[in-house]
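Student: In order, the protein sequences belong to chains A and B. So that you can map any letter, position 229 of the first sequence is 280 in the working numbering, and since no number is skipped, the others follow by simple counting. So that you can map any letter, position 15 of the second sequence is 22 in the working numbering, and since no number is skipped, the others follow by simple counting.
Incorrect hints may appear among the rest.
What the hints assert, rightly or not - Label pairs and their in silico Cβ distance ranges:
no.	chain 1	residue 1	chain 2	residue 2	range
1	B	Ser211	A	Leu315	35 to 43 Å
2	A	Asp341	B	Ser211	34 to 42 Å
3	B	Ser178	A	Asp341	26 to 34 Å
4	B	Ala198	A	Glu335	45 to 53 Å
Source of the hints: derived by calculation from the structure; they are not laboratory data. For clarity, every value in this text was computed on a predicted model and none was experimentally measured. Just so you know, even glycine gets a beta-carbon here, dropped at the ideal spot from N, CA and C.
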Amino acid sequence: MRIRVWPTEMMIVVSEELETRVRAVSHKVLRAPFTRRTWSELWFLVTGSALAAVGLAFVALTMAAGVVFAITFFGLAVIGLSLRGARGIGGFQRQLARGLLDEQIDDPDPFVPRPGFLGWLQTVLRDRTGWRSVAYIAVKVPLAILGILTAFSVWFDAFTCLITPLGGGYQPKEFGLVPVLFPPGYLSIGSPGWLHGMAIVCTGVILLFAAPWAVRLVVFIDRRLMRALLGPDAVAVRVRSLEHARAQTVDASAATLRRIERDLHDGTQAQLVTLAMRLGLAKEKLADPDHIDLDQVSKLVNDAHRGAKEAIIELRDLARGIHPPALDIGLEGALATLAARSTIRTDLTFALKDRPTPAIETIAYFCVAELLANVAQHAKASRASITCAQYGRWLRLVVRDDGIGGAQLSKVGSSSSGLTGLTDRVHAVDGRLEIVSPPRGPTVVTVDLPLHA
Amino acid sequence: MTTPIRVVIAEDSAILRDGLGQLLVDRGFVVTDAVSDPEALRRSVERDCPDVAIVDIRMPPRFTDEGLRAAIDLRRRHQGLGILLFSQYIETRYAAELLADGAAGIGYLLKDRVADVSEFVEALTRVASGGTALDPEVVTQLLGASRRLGTITVLSAREKEVLSLMAEGRSNAAIASELVISEGTVEKHVASIFTKFDLPESQSDHRRVLAVLRFLDS
Chain A
52 MRIRVWPTEM
62 MIVVSEELET
72 RVRAVSHKVL
82 RAPFTRRTWS
92 ELWFLVTGSA
102 LAAVGLAFVA
112 LTMAAGVVFA
122 ITFFGLAVIG
132 LSLRGARGIG
142 GFQRQLARGL
152 LDEQIDDPDP
162 FVPRPGFLGW
172 LQTVLRDRTG
182 WRSVAYIAVK
192 VPLAILGILT
202 AFSVWFDAFT
212 CLITPLGGGY
222 QPKEFGLVPV
232 LFPPGYLSIG
242 SPGWLHGMAI
252 VCTGVILLFA
262 APWAVRLVVF
272 IDRRLMRALL
282 GPDAVAVRVR
292 SLEHARAQTV
302 DASAATLRRI
312 ERDLHDGTQA
322 QLVTLAMRLG
332 LAKEKLADPD
342 HIDLDQVSKL
352 VNDAHRGAKE
362 AIIELRDLAR
372 GIHPPALDIG
382 LEGALATLAA
392 RSTIRTDLTF
402 ALKDRPTPAI
412 ETIAYFCVAE
422 LLANVAQHAK
432 ASRASITCAQ
442 YGRWLRLVVR
452 DDGIGGAQLS
462 KVGSSSSGLT
472 GLTDRVHAVD
482 GRLEIVSPPR
492 GPTVVTVDLP
502 LHA
Chain B
8 MTTPIRVVIA
18 EDSAILRDGL
28 GQLLVDRGFV
38 VTDAVSDPEA
48 LRRSVERDCP
58 DVAIVDIRMP
68 PRFTDEGLRA
78 AIDLRRRHQG
88 LGILLFSQYI
98 ETRYAAELLA
108 DGAAGIGYLL
118 KDRVADVSEF
128 VEALTRVASG
138 GTALDPEVVT
148 QLLGASRRLG
158 TITVLSAREK
168 EVLSLMAEGR
178 SNAAIASELV
188 ISEGTVEKHV
198 ASIFTKFDLP
208 ESQSDHRRVL
218 AVLRFLDS
């Protein structure tokens, strides 16, 4: 029964979908000549073309002058001015695109010349943004001519056709694109009459609804052009992201040093000061041989002894936190130690063909250490597993537990500086950290790291 | 027997706070309170009016110089309260800030100094009774960084020793016993230092500390 019903339902669904889509498209086409977008695109075509024409005149003149005088510094300076100007015109174009087309093109890096005239000259002549703006202006002008010709011929023809009946015997001129779109002489076929008039009006209507799309096509090409030549270029974007990553690394290592200093200051140093104080007190008590209170002295020495042992343990933990000695025997051994030390039963699967660089091994180790600590503290899990595998030049670490789930990046980590700091370090080497932890579990944390960084 | 000196301890490390408390009680001080943050210190001073406060410079919430800020604040509000700043590091800038309002009843010591119990107790007593106790490290740093090196080299080796001890806030008698010389000799050295530095001679110990420090720091 169900099988027979199914296709019919499908049919209905499909036809309904089709109907909505057809309705949407026709709605769009019918409304196009009257939307704000159509008119602002047309306005952009006009103003942008004017700007490009001015820009081309400026660039051509200054470049020509620059080349003529190129044997002197003066010529180079003129070329520099030309590039600065082109950059400015590019900026205006972006503003226009933002205002009229709602096209958000990011600003390229600002022009920061090095000090002195020679510095300025060097910077400006090597300014990729300036040269790209020149390229844009050079390509934009022919595009603008083509665009204006297309747009205005279509709009113009549409209107002349539509007003034909009003003008009585007026014969519309074939202008611009019309002879291309329709057979030559189409509008003058036959003698003027009722049918002929209708054909002309229908042509007008078709052209009216086609006109916005002609403009849109030209503007579309311009949008692509602007995005390619007026936005920040790919190299600059990469440089910026690397700068960001570097800043994060610097911050992260500064934070690590600060944490180590804090741990030393609050832990070991305080322990040692107290230890020295107790021993000092004991020493002074022993210095007066007539009134030695042995109970007191032995208590002081006992406390000092206990303090010394605690300080040793704290120092060892701290040293291990800076560089785990287990890593000296390799990542596999270090992870095995972590798995064995975990309070929850933890299995390790390790399959790396190549040995990662020490920095990557350290990050991988601390990720696993932090994640296992987190599992032990929050997950209420009975089992956990660590998988460390190689995919080409990438190392993939997966830490999985069968606990209650619901872990989030902001909450994961045994300490505030724990996993957040690690995420920064993972990002700094172009790695990735992902947590999948639905309520009721299981939690799967995946860390991808490049083998060599 | 004189009335015992009343002390409040502000130190965020519990182990050091307890140890210090035991030491002071053992040495006949009265510990009115032992707190771990600047807010509690303010309340405690308000309530108990102790003679002297031992203040750790680095305390919650930001662990930078909260203790110093609290100390400067407390001094403005409570005349006669001695302040002994207590730190793992010596920063001359902190010393300068602390001494800006005068050196009476001010101390600034490295935490390590508690290892020499008697000297520490003596310094604390001095601060409690309106004197000055600066860590030798403060003096060394000031001497090392001073632009008056030309003037300092004019001093004899003995005079330099006397200068350092004087800058720490010791009295002539204490300097004399430390260097195993007579008090009269100390007075002669002090007078000679002040002449060489071209400073007006000052009677009270803490005034002359300030004069010397200002001279070195200028």
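Student: If you check each hint against the structure, which ones fail?
Tutor: The structure conflicts with hint 4 only, although it agrees with all the remaining ones.
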